[in-house]
Structures are given as C-alpha cells and as structure tokens.
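Using the hints, put the two standalone chains together into the complex.
Top to bottom, those sequences are chains R and G.
Under this note's numbering, the first residue of the first sequence carries the number 239, and numbering increases by one thereafter.
Under this note's numbering, the first residue of the second sequence carries the number 95, and numbering increases by one thereafter.
Hints may contain errors.
Below, a list of computed lysine to any residue pairs in the SDA-like style, where the Cα atoms sit at most 25 Å apart [stated by the list, open to error]:
no. : chain 1 : residue 1 : chain 2 : residue 2
1   : R       : 240       : G       : 192
2   : R       : 478       : G       : 172
3   : G       : 242       : R       : 255
4   : R       : 478       : G       : 179
5   : R       : 478       : G       : 379
6   : R       : 240       : G       : 346
7   : R       : 478       : G       : 116
8   : R       : 240       : G       : 172
9   : R       : 315       : G       : 155
10  : G       : 331       : G       : 257
11  : R       : 315       : G       : 179
12  : R       : 315       : G       : 166
13  : R       : 478       : G       : 123
14  : R       : 315       : G       : 120
15  : R       : 315       : G       : 379
16  : G       : 242       : R       : 323
17  : R       : 240       : G       : 123
18  : R       : 478       : G       : 189
19  : R       : 315       : G       : 331
No lab work stands behind these hints, which were simulated from the structure alone.
Residue-level listing of the chains:
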Amino acid sequence: MKSISTLFQREFSGYFRTPVAYVFLVVFLMATIGLAWFLGRFFDGGEATLARFFVFLPWVFLFLVPAVGMRLWAEEKRSGTWELLFTLPVSIPEAVLGKFLAGWLFLCVALLGTLTMAFTVGYLGSPDWGVIMSGYAGAILMSGAYLSICSLTSALSRSQVISFVISVVSCLVLVFLGWSVFNNFLTAIHLPVEAVDAISNFSFITHFEPMTIGLIRFQDLAFFLTIMAACLSLNIIILKR
Amino acid sequence: MYRLNALASQAMIEALDLTKYYGSRCVVDHVSFKVSPGEVLGFLGPNGAGKSTTMKMLTGFLHPSSGEARIDGVRVSSDAVNTRRHLGYLPENGPLYEEMTVREFIDFIARVRLPDQTPEQRQSACEGVMQTCHIDTVANQTIDTLSKGFRQRVGVAQAILHDPRYLILDEPTDGLDPNQKQEVRQLIRRMSGSKAIILSTHILEEVDAMCNRVIIIAAGKIIADETPDALRRRHPKHNGITLRLASENDAQNISTALRSRFPAAKIACSANAIEVLPENHEPIGLEVLNFAHASQWKIDRFDRPDARLDEVFRELTSSSPVS
Numbered sequence: 239m240k241s242i243s244t245l246f247q248r249e250f251s252g253y254f255r256t257p258v259a260y261v262f263l264v265v266f267l268m269a270t271i272g273l274a275w276f277l278g279r280f281f282d283g284g285e286a287t288l289a290r291f292f293v294f295l296p297w298v299f300l301f302l303v304p305a306v307g308m309r310l311w312a313e314e315k316r317s318g319t320w321e322l323l324f325t326l327p328v329s330i331p332e333a334v335l336g337k338f339l340a341g342w343l344f345l346c347v348a349l350l351g352t353l354t355m356a357f358t359v360g361y362l363g364s365p366d367w368g369v370i371m372s373g374y375a376g377a378i379l380m381s382g383a384y385l386s387i388c389s390l391t392s393a394l395s396r397s398q399v400i401s402f403v404i405s406v407v408s409c410l411v412l413v414f415l416g417w418s419v420f421n422n423f424l425t426a427i428h429l430p431v432e433a434v435d436a437i438s439n440f441s442f443i444t445h446f447e448p449m450t451i452g453l454i455r456f457q458d459l460a461f462f463l464t465i466m467a468a469c470l471s472l473n474i475i476i477l478k479r
Numbered sequence: 095m096y097r098l099n100a101l102a103s104q105a106m107i108e109a110l111d112l113t114k115y116y117g118s119r120c121v122v123d124h125v126s127f128k129v130s131p132g133e134v135l136g137f138l139g140p141n142g143a144g145k146s147t148t149m150k151m152l153t154g155f156l157h158p159s160s161g162e163a164r165i166d167g168v169r170v171s172s173d174a175v176n177t178r179r180h181l182g183y184l185p186e187n188g189p190l191y192e193e194m195t196v197r198e199f200i201d202f203i204a205r206v207r208l209p210d211q212t213p214e215q216r217q218s219a220c221e222g223v224m225q226t227c228h229i230d231t232v233a234n235q236t237i238d239t240l241s242k243g244f245r246q247r248v249g250v251a252q253a254i255l256h257d258p259r260y261l262i263l264d265e266p267t268d269g270l271d272p273n274q275k276q277e278v279r280q281l282i283r284r285m286s287g288s289k290a291i292i293l294s295t296h297i298l299e300e301v302d303a304m305c306n307r308v309i310i311i312a313a314g315k316i317i318a319d320e321t322p323d324a325l326r327r328r329h330p331k332h333n334g335i336t337l338r339l340a341s342e343n344d345a346q347n348i349s350t351a352l353r354s355r356f357p358a359a360k361i362a363c364s365a366n367a368i369e370v371l372p373e374n375h376e377p378i379g380l381e382v383l384n385f386a387h388a389s390q391w392k393i394d395r396f397d398r399p400d401a402r403l404d405e406v407f408r409e410l411t412s413s414s415p416v417s
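If we strip away everything but chain G, and leave its shape as in the complex, we get (with noise of 0.2 Å):
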C-alpha cells in the first residue's frame, strides 16, 4: 500500500531545472514545473521564447545542457524508450511520413506503439483513433494530399493511439479552421481528467477552453505560473466597472463625485462614459451602483471593462523581450 502510495505521488512529469544552451545563447533557462494527471497545462510564450525546446527536453528528445526531465519519477534520459511509452507528443507543424496513406501511418505507429498487442486489438485500436480524430474518411489517402487540418488530426491521431498518461501538444490547433480547432479542443478536454496535458499556444482563448493551468514563458524563464483566473486578475481593469452615462451634460459632476467617494479607485472619464477601476483589483462593482442608485444619476448601462488575457500575457511578457 505504501509503494502505490508512492507510485502514486510519483505519477507526474517534471522539469527541473530544465536549461539548454544553443552555443553561448540561453534558449531555456532553469525552467522547473510539474504537472500532475487531471491538469492541463497551457504553455505561451512568444515566438522564440523556448516552449517547443522545453517541450522537446521533455519527450528526451533534446538532451538539456543542465537540468533533467522526469516522467513518473524516471530520469528521461536515462531511460528514454521505457518513459516515452507513457508519453503522446504532437511535434510543431505536425511532421510526418508523407509518402504513407493515414492508415498505414496510423498502423504503423500501432506496431511501434502498442508492440505487445495482438494485431486485431491493434487494428481495433487505430479504426477507433481515426473515428475519435475524424480522419477515417481520409484513411486510404496519402499523408501528402492531405489538408494542413487533416494532417494536424493525423498528428494528434498518433499521439493519443496508446491512449497515454502524459501528452505534450505543440500547437495542437495550428492551421485549423474554427470548427476543426474546436473539435481538437473537446477532445483534449475529454481526455483531460485521466492524463496530464502540456500544450502550447499562442491563441489566448485556448487557455480558457481548455486549461486549468497557465505557464507564461519569455527569454527562457518562466514568469507566471498560475490558473487562467489568477492570471486574468492582473489585467489592470480586473473587477472594474464602467458607467455608460444617459448624457454627457453629467460626466464631469459625476466623475468628481466617484473621486471623492472612492479616492483609492483610478477613475477615467471620456465623452459620455467612466472607467472606475479598483485600487488592488478588489470587487468594487456593487458599491459603485448602491453609490449611483443612491445619488439618483442617470445611467444608461453597467460594462464591465473588457479584461483580456492577451493584454495580460502582453504586458507580462513585453518587458522579457526576446533575443
């Protein structure tokens, strides 16, 4: 009982202290996380910020300059092909073996894969993959004539085969259209309870649809590491309210009347509208419509100020500019 308990407490994949150097240039610098079954961990970071070189130290791919990458407690470099049989990993841009029709390719990862399975569990397993990714109408085609949609699904078709614990996606949504990115991204959360999911992107709505996680990453370093709520309260307008005033005879009265009753608060006034935005993001909506209902002022409507995530992982990562 207490070795399962643990295995248990082991059942996770790591970075510690992952850094790799490219010549003298820093790519990853002392990057440390975990990431345990039940999470999805979204992964940003601008271009060149080093998320597909952590990503690849983490399959063992890459070997880190310093660091090691552990998958169930494991060091993956000391035990490579035993770890990655844990592990699902959709490389950037999907690379594959064009030449291949989708079913041969998909089998073909089967035997590598799955090599202990008899070959009708086998072929079972790839007809469900293929119905699971939408691609078993393109089956008999080769990898080459395939859509950029098609070819991310095949992608994430050999990725999820062997039905692992850990998957790591490098821009799984990439170059699909709107209903294909939201198809991929019902399925990472279906199958985001049992597995623990690394995956990156630079589609900011992506995190809210399917992370519970967020690691901001710059210059190689992490500098957030937090729930997609955490980090949305950063946004400087987080918990703000914006009266949308009925004229604009009122909005000087009534902006000076805001100032002296909330002094804290930051407020800003243009033609017929004020931006009241709490000192310390603290929930200031419900006193600001007890004051304006009370002081009898004819508002319009209520906003709330749009406090976007991109604006957040903008203002967190433009000071980490990228070499």
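Just chain R, same shape as in the assembly (with noise of 0.2 Å):
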C-alpha cells in the first residue's frame, strides 16, 4: 500500500511539473463549458438542470482523456524509467494502480472545475442537487473508465501518439455503440430492436445518462467498474510479459 501511495504522490504531482497539465485544465474546461453554452445553448432551455453541459462530456473526454492517459506508460517505456520502476521493490499491480490512480484524481480536479456551472444554476434557479451530484458521480466513473482504456493502450505501445491514437479509437467505439445517431441507423437496417439494445449496453453514453438524470442503477455502476477492472488487469498482464 505503501508504495502504491507514494507511486500516486510521484505520478500526481509529476502532472503539475510540467505545462501540461495547466493547458490540458484550461482547454477541458473551455472545451465542456463551450459546448454547453454554445452547442447546447445552455440558457435557451430555461432549466436550472446541467443536463446540457453533461451529454457533452463523453464526447470532451474522447479526445482529452487520451491526452492524459498516453503518457502513463508509453512516457516510461520510451524514456526507460520502467527499467528503474520495476527494479525497484514495486510490483507491476501496486505500479498499474498508482499511476491509475493518479491520472483519475487528476481528471476529478479537471471536474472539479466545472462546478462553477453548477452555481451558476444554483445561483440563477433551485435545481435538484441530487441529479447534479448523480451526474458527477458518473462523469468520474466514466472519466475512470476512459481512463482505463487508455492506461491499457499507453502499455502497448512506447510511442505517446500511437497510444493516443489507439485510445480515441476505442473510446470512439465504445461511445458511437450508444450514440442515439447509431442506434437509428441499426434499426433503419432492420437489426432486431434486443440486438440494437444489447450493442447499446456496451457504451459509455449507455450507462452515463441515467446518472445524469438522478439515476444510479447497479448495472450503470457494475458497467464502469468491470471495464476499469478489466482493463487494468489486462494492463498488468501486458506489463509482465
């Protein structure tokens, strides 16, 4: 546990050595406070609900969860500070979670950042602080599981931009199987209405709308830990061999 937790401590503070880490906050928060004021004109509904700033997210984590994901491992391998890391007395499971770890809670002060959309609703109506919680709640399993994948694709490869490549298209696949525009179009190709429903099941859209709605339903919750567990369990294998 030890080493886990000063593994986390390196990794975490390691995002703040660099630019980075700032550029990355200042354009997360641009990119989803943007979307939903411009995209989602998030004034015209006249709803004190964040529901037009959450159903941009999985689309905003697409391409910014990669970012911080690549580095993970394709930074050690490429730099050979794995050599150093793993004769140290660290096991590869205590390093996979230490870094995941820091790499989630970095996310989670990304998130942390978009609070002020929730004042503003706050200040501007009464909304139901319990969906907004809900839907943070599952903006940071989602973030998580993003953020599995892309530990899983950053150990496959010691290039950054294969890995971020890698990353965005699982990601994309694992958003476009839930994406309203997707499921249509398999109905119109008259796939049967329980296959287009079973596809659905395996996105993240899928599982992190209810949340934003006040709903936490246990398969939502199981459907964001098996993939962060299963991922990273693969990492862990892939960094043993």
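Written as structure tokens, this is what we have:
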C-alpha cells in the first residue's frame, strides 16, 4: 500500500511539474463549458439542470482523457524509466494502480473546475442537487473507465502518439455503440431491437445518461467498474510479459 | 548456528543457466556464475554480447527463457519485490525522471526503498547519499538540466541509497570525465568490502582499477571467468622481456645467441630491440638478464613488453563474433 501511495504522489505531482497539466485544464474547461453554452444553448432551455452540460462530456472525454492517459506507460517505456521502476521493490499491480489513481484524481480535479456551472445554475434557479451530484458521480466513473482503456493502450506502445490514436479509436467505439444516431441507423437496417439494445449496452453513453438524470443503477456502476477492472488487469498482464 | 551458516553460505547473487531468446535469436546462452559479498565482478564483452540482458535478468526486470537468477538463494522470478530490496541497480544510460529535481527524485526513491524508516531517517539517508555522490550542489535542479556526469551520479546515488548487499551497475562510468570516473571508481572500491558488485564496462583499465574478478561474455556465452591477473597471463607477451641494444650492429648476433640459449622461447628482432617471449608464459627475465651480463652485451635498457588487458579481450572476443 505504501508503494501505491508513493507512486500515486509522484505521478500526480508529475502532472503539475510541466505546463501540460495547466494547458489540459484550460482546454478541458473551455471545451466542456463552451460546448454546453454555445452548442447546447445552455440558457435557452430555461431549466435549472446540468443536462446540457453532461451530454457533451463523453465526447470531450473522447479526446482529452487519452491526452492524459497516453503518457502513463508509453512515456516510461520511451525514456527507459520503467526499467528503473520495475527494479525497485514495487510490484506491477501496485505500479499500475498508483499511476491510474493519480491520473483519475487529475481528471477529477478537471471536473471539479466545472462546478462553476453547477454554482451558476444554483444561483439562477433551484436545481435538484441530488441529480447534479449523481451526474458528477457518473462523470467521475466514466472518466475512470476511459482512463483505464488509455492506460492499457499506453502499455502497448512506447509512442505516445500511437497510444493516443489507439485510445481515441477504442473509446470512440464505446461511445458510438450507444449514440442515438448510430442506434437509429441500426434500427433502420432492420436489426432487431433486442440486438440494438444489446449493442448499446456496451456504450459509455447508455450507462452515463441515466446518472445525469439522477438514476443510480447497479448495472451502470457495474459497467464502469468492470471496464476499469478488466482494462487494468490486462494492463498488468501486458506489463508482466 | 547451523541455520546462520546455511544463510551465510547462500549470501550471493547467482545466475543459473540463464538463457534468453529474442524471437529465434539467442542473446544469452546458458550463463552461470555466482558472486558473493566482497567480490567486484567486471562484466566485459563487445556490444550486443548479452551483458545488459544478463544484468536485467539478474534484477528480475527481464524473465529468462530458461534458467533462473537467485538472490540469497531465493528465485528472483518467484519473489521479485523482496529480492529487489537487497539490490541496487543502475540501468544502462541512467534513465531518470527528468521533470523532478534531484532532491525530489532521491526522496522518491527513499520512500520506495525505505518505507519503514521515519521521515527523519530517510531525510538523513538522502542527504548522506547526495554528499557521497557529490550531487548535493545540484539538489534543487531539475534532472533534465543536468550534465551527463551529474545524471550518472544521480543514477549511482539511487542505486546505493539503501546500502544494498548487491549492486548491479551497467556501465557506471559511461559519459563521465576522467576526474568523475576516478571518483566513481573510488566509490565502488570503498563499497566493495561488504557488497557483491557486478559492473559492466567497455574500459579495460576499470577492471584493473575496481575488479577482483572478470567475466568475458561474447555472443551470449561466458568465454572467460577469472581474476584480472589470470586474464593478463593469457597475453602472448606476458612475462616477456625486451632488450634495447646500445647499437644496431649486434642485433643479429645477439638474437642468434638467444635462440640457441632459449630454444623454446620466441625471439623477435627489430632494428635495435630484441623481444624474448617465453614458452608457457613462465618468467624468463632474470635468466635473460644473467645471460646478457655473462655475454657482456652492450644493452641500453630492459623493458617489459606491453601486455595490455584489452589485447587479451580482443583476442578472446574476436574469435566469437557477435551476430
């Protein structure tokens, strides 16, 4: 446990040792809030909710979480520091968990910055804070699932660019499967509704949307946690080889 | 008491039939050796001979295709985390976390290496090792701004921070200037009494300066495992003697006389020098001196032929070409 904590601290503070973290935070806030305001017409709905903010999160995460995750292992491999790391008395599961948790906390910090949206809604109206908290819980879980995929793909290559591209494509598939436009297309080509539902069950959107309206269901929690557990387990196996 | 003796007898780092394949290419081929505390083993070989791969298998970073590495009798692959606690390792090219300052990096290593010590004890260990490696003057500098020499010393510092019983150093003096090399050599010599040290190098003079045992590896196989002196005895000019003549006129006569007096020795004659190389490298100098004195030759001076270790190395490794 001490090793996980030490690696976690090194990795988390590592984000802030370079300008990358600050650039990421600024771009993340501009993208999430900008999309909600301008594309989602945040104020036109006249509702005290963050629904128009949450709806864009899976798409913003699609590009920005791989930007955080691509360095997790690819950079260690490129610079050779993984040889240093794995000759310290640290097990591979400890290293994977420590680095993953640091990246996840960094994403949570980024999400924390968007609370200004919640405060704005609270100032202008009387939102259901339970729904907002549920939405944020979903966003945190979803970011963890995205990051676990990126951590896995980052372990596959020593090139951050390749890792980024594989991450985006992998996550894109998992977003697309539940995108209403894609599901409508599947229905239009006469795929049975049960099959379309089964396919969309593998999507981030399908399991995130209920949480944005205040529904916390076991299957949604299980989906995100399973993705994380599976990807991190694969990550460990790849590094052990 | 018996158990203690048994443990003491196991206090060593062992390579047991280590073999490593990359695809179909065998880069380490059934390598076996043991190193005990007090030994400083120089690991020599041409580029691509399998030195670094062997070292990586000893640390547990690479899994052997067959065979096993052991530390204190425990298989590294079965308990990598615990066996590494007794091990300090400097990887080739000294990879470091560039964005950290030297102090932050050493502190990070201390927290991983010495988790059970108090923050004060860790702080003391960090300060001590930074002073030992002369990196305290750059403690607050980020590693990416350091010169190669300082970076290498930071790498050595992280390897010795926890005072390990076993040290594996992959080219520890690579990139250092002559003064820095001397410092690292002195540091290794100081530590050598209580530790088992394995170091790889291309520089043969370092073997003389630091090691009491040498392993030469070529094409993945051990081709020599002996002391530096024993290795030097393999040199064709070992125990030979060179006579520098006062004038060139007598060279032919003197070499003829030497051939008849030492028929088994190899006599080489140049303008005003005659080289006498004994058979089987037995000492011959004194006999030659006495013979020269009795024959009343006009000899300017006697020299020892240059029996360089790197020539032995070249001789041994050139017959084992690296693929």
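Requested in this report: Of all the hints given earlier, name the ones this structure violates by number, lowest first.
Outcome: The structure conflicts with hints 5, 6, 10, 12, 15, 17, 19, although it agrees with all the remaining ones.
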